[in-house]
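Undergrad: Mapping of the sequence shown onto our numbering: position 147 corresponds to residue 147, and the numbering continues sequentially without gaps.
What follows is a list of derived Cβ distance ranges for each label pair:
(1) 150 - 21: 56 to 64 Å
(2) 139 - 35: 18 to 26 Å
(3) 9 - 115: 17 to 25 Å
(4) 23 - 143: 43 to 51 Å
(5) 47 - 151: 20 to 28 Å
(6) 141 - 111: 38 to 46 Å
(7) 115 - 148: 47 to 55 Å
(8) 145 - 111: 45 to 53 Å
(9) 113 - 142: 36 to 44 Å
(10) 126 - 22: 17 to 25 Å
(11) 42 - 141: 18 to 26 Å
(12) 6 - 119: 23 to 31 Å
(13) 110 - 133: 29 to 37 Å
When the alpha-carbon atoms are kept at most 35 Å apart in a straight line, the in silico DSBU-like pairs for lysine-lysine are as follows:
(14) 46 - 6
(15) 32 - 6
(16) 32 - 46
Read the hints as simulated data drawn from the structure, not as lab findings.
The C-beta atom is built at its ideal place from N, Cα and C for all residues, glycine as well.
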Amino acid sequence: MTDYYKWRITCELSRYQAMDPVQHQILALNTKVDGLYETIERLNLKLSQVLASSDSPPHPEPESPGEFVEENLLIADRVEDWGDFMRHKDVLGDDSHSSPTQASSEAHIAPELQIQRLTAQLTAAYNRIAALEEQLLSRTDFAQRNHHLISDRRR
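Based on the sequences and whatever the hints tell you, model everything.
TA: Next up, the structure:
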């Protein structure tokens, strides 16, 4: 969990006591959307790794599990630098991700509009996750079939 998310959770927990039920729903949807963003980032990363591995010769196995985890953490840090590449046409922009000072601007939006916006983001994120999973599975299946064809030709 990044420092930003820790900061955001701390701020939201401090305001949690004084919220009405609509604000509780908004907070719950915000949390779900944040989780979906992280899931989408991980799926994009896995998809990129599968595509890279299918285009290049097999990578040597890491000597220890720690090496693999450390390498993935370095890659994950760079994902935030991807900017617009990580955005999707079906996901509405969430200004609270861009800077902590803009999070207060959400208070000026009607709660019903916030709920509609977050619900749309959540739906779009679920659809995007499903599409990425499908794409990952088809690429993995394609890579495995190619590997078997190459193996059969060598025999």
